[in-house]
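Trainee: Each chain is listed here by its residues.
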Amino acid sequence: MSTVIVGLFDGVETAARASRALRDLSLPAGSVTTISAVPLPEGAVVTDPQPIRFPRIVIAGWFVGAAAGLGLTLATYLLYPLVTGGKTIVSIPPTLIITYEVAMLGALLATLFGGGREMRLLRYPPKVIHDPRIHDGKIALCARVEGDEQARRAIVAMQGAGGTDVRAEKGEL
Amino acid sequence: MSGGTTPAAGNHLAGTDQAKLFTELSRGNLVTTWRWYLGVGVAGAVLLWGVIVFMYMALVGMGVTGYNKPVFWGLYEASLVFWIGLSHSGTLISAILRLTHATWRAPVLRGAEAMTAFTLMVGGIIPIIHLGRNWRVYYALPYPNSRELWPNMRSPLMWDAMAITTYLLGSLTFLYVGMIPDLALLRDKSAGWRRKFYSALSLGFRGTHAQWRRYHVASTLFAILIIPIAVSVHSIVSWDFAMAKVPGWHSTIFAPYFVVGAIFSGIAGVVIVMAVLRRAFRLGSVLTPMHFDNLGKLLCTMTLLWGYFYFTEFLTVWYNRNPEEWEVFSSYGGHYLPLFLTMIVCNFVIPFPMLCLKRVRRSIPLILIPSFSIVIGMYAERLLIVVPSLARRNDPFIWANYFPTWVEFSVMAGAAAMFVLLYMLFAKFFPIMAISDIKERLFHATDRTIGGATVESIAQVEGEEEARA
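Protein chains in written order, with this note's numbering: chain A, -8 to 164; chain B, 21 to 489.
Rather than coming from a laboratory, the hints here were simulated on the basis of the structure.
Positions of the beta carbon are idealized from the N, C-alpha and C atoms, including for glycine.
Since no wrong hints were added, every one of them can be taken at face value.
No farther apart than 16 Å at their CA atoms in a straight line, the calculated lysine to aspartate or glutamate pairs in the EDC-like style are these:
{"id": "1", "chain 1": "B", "residue 1": "K448", "chain 2": "B", "residue 2": "E44"}
{"id": "2", "chain 1": "B", "residue 1": "K209", "chain 2": "B", "residue 2": "E44"}
{"id": "3", "chain 1": "B", "residue 1": "K209", "chain 2": "A", "residue 2": "D127"}
{"id": "4", "chain 1": "B", "residue 1": "K40", "chain 2": "A", "residue 2": "D127"}
{"id": "5", "chain 1": "B", "residue 1": "K265", "chain 2": "B", "residue 2": "E347"}
{"id": "6", "chain 1": "A", "residue 1": "K161", "chain 2": "A", "residue 2": "D139"}
Residues from chain A that face chain B, not an exhaustive set, calculated with beta carbons under 7 Å:
{"id": "7", "residue": "A98"}
{"id": "8", "residue": "Y115"}
{"id": "9", "residue": "D127"}
With the Cβ distance kept under 7 Å, some of the chain B side facing chain A (calculated, not the full set):
{"id": "10", "residue": "M182"}
{"id": "11", "residue": "G227"}
{"id": "12", "residue": "H229"}
Go ahead and model the full structure; you've got the sequences and the hints to work with.
Mentor: See the structure below:
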C-alpha cells in the first residue's frame, strides 16, 4: 500500500490550481487523479497518461463472435444436412444472419469485459482511497507520494489551493 | 438553471443542493409507500392467475385456445411482436440520444432502458408459452443428443431466437453498465444489507478520472453496438412472417415497416412509462414538459412514417389486385373491420392532429391520450398482420375466422402483469433515474444572458476533447 494525499475541493478551478501546484513536486505520471461524482473533462484537473486500449478487444470480440456464428451454422449444415431438391446444403443468407447476431453478441460481451478490466472493476484491495463526500458536490484530488517530505509538500500545495480535509491515507489509488 | 435547481455558490454542479437532488431522484429507493405494495400485490395476483391458466393450458393442450385450422398463430404471436416492438424504443432512443449528446436525454435514459429489458423478457417467454408441449422447450437448444435433434439454422424462428437473445443480453448489459456510477452512489449513501447489495453490484467503481474516461468510451461503444442490433431484431421478427409464402406476409417492405412500427409503439410506451414514473416518484422537476414535448415530436414524426409505410403497402396490393393478397385485404372490411378501424383511428386519426399541437405535447395528461391510443392501435395492427393472412390463406375451402378464448386473454394479461411487476421491483431496488447523467448535465450547464433573456448553455465537452485530439 502506498501513501496517498487526499484533499477535497468545492470546484474544478480550485482542484485544478492544486493539481498545477502538485506538478512542481515532479510526481510520476498517473500519480495524481481525481475522484468525482461526474466525469471531469480530460485536462480540466488532471490528465490520464494511460491510453484506452479496450476498443481493440471489442473488435477481437466481434471476430471471435463471427467465427463462432459461422462455425455453428456451418457445423449444423454439415452434421445435420437437410437435403432438399434444388437447394444447396450450405445456405448463405441464414449463415450471414446468424454470423452477424453472434458477432454483435461477441462485441457486446467484449465491451463489457474489456471495459470492466480497464476500469479496474471487480478488484478489491484491502484498502482503496475513496471519499463519499464526492456525492455532496466535492472533488477529491488524490496524489500518490513517496517519503515524508513529498507528502508534506503535497499537503501544503493542496491546502494552499483551497483544499479542505487534506490528509494522508494508506491505500490503493 | 433548469431542472428545478437553484443557482448557489458552493460546488461544481451548478450549485445544486446535492442532498436534495439525491433525495428527489432516489425517492423510489428510499421510501416504500402502501401504493407500491398495492401495485405489486395486484400485478402479482394477475401474474399468478396467468401462470395458473398457462399450466391449465399446458395440461389439457392448445385446444383450449381459439386456434383452429388454418389459424395456428393468433394472440400469442401478435403479443410477441407487440412486446418486442415495445422494447425497441427504450434502448434505441437511449443509444441515439447518448450518441447525439442530446442535452435533454438524462431523465429519460434509465426508465426507457429498463422498459426495453423487461418488455424483451416478456416477449421472450411468449414463444415458449405458444410452444404446445412447453416442457420440451430444451429440444430447441443446440446440444448433441441421442434423438439426433438439432435446431434448423435456416429457419427464421431460429434467427429470431438468436436475435432476441443477443438484444436481451445487450439491453441488460447496456442498462447495467449505465447504472454502475449510480449504484456506487447508492452504495456510499446506504447502510446495512443495502450497502452490501449495492457494493456487490457497483463492482468497486469509485469515480476516478481514469475510470470515468473508460466508462465513457464503454458507454459510447455500447450505444454504437446496440443500434444495429435493435434494427436487426425487429427486421428478423418481421422475417418470421415475410419468409413464408403467405398472402399479406410475403413482402419486401416488412422489415423496415416492422422497425418503424416498433419504434412508433416503443416511443408511445416510453411516454407512458415516463408519465407514470413522474407521478409515482414525484419527479416533476426532473421530467419536465420539455421532455414530453420532445418525445411528442418524435412520436408525431413516427405517426407520419407509419402512415406512409402502411399506405405504400396497401397501395401496391390494391393496384395489383393479386387475388390471394386482395382477399386478405378485403377481409379488413369484413370480419376484421373493427380491428382495422381501431388500428387506423388509434394510430393515425387520433394521434397525428393531437401531436401537432404544442399544447398537447407539453401537457402530460393530454399527451397520454395519443400515447395510449398508439399502444392500442399497434396491438390491433399486430393482430391484423398475424390473423387475417392465415384466416384467408390461399385455399378458400379452409378459410376460418379466429377469436381468442379466455385462456389466451388470461395468459397475456399475466404477461402484461409480469412487465408491471418487474418494473415496479426494479424501480424499488435500483435507481430509476440516471442520477450521474443528470449530475453530468448540471456540470456542463450554465446560464447565459442574451439581451434581456437568460438562456441555458451547455458545454460540449466531448467535441472539445475530439478537437484537441
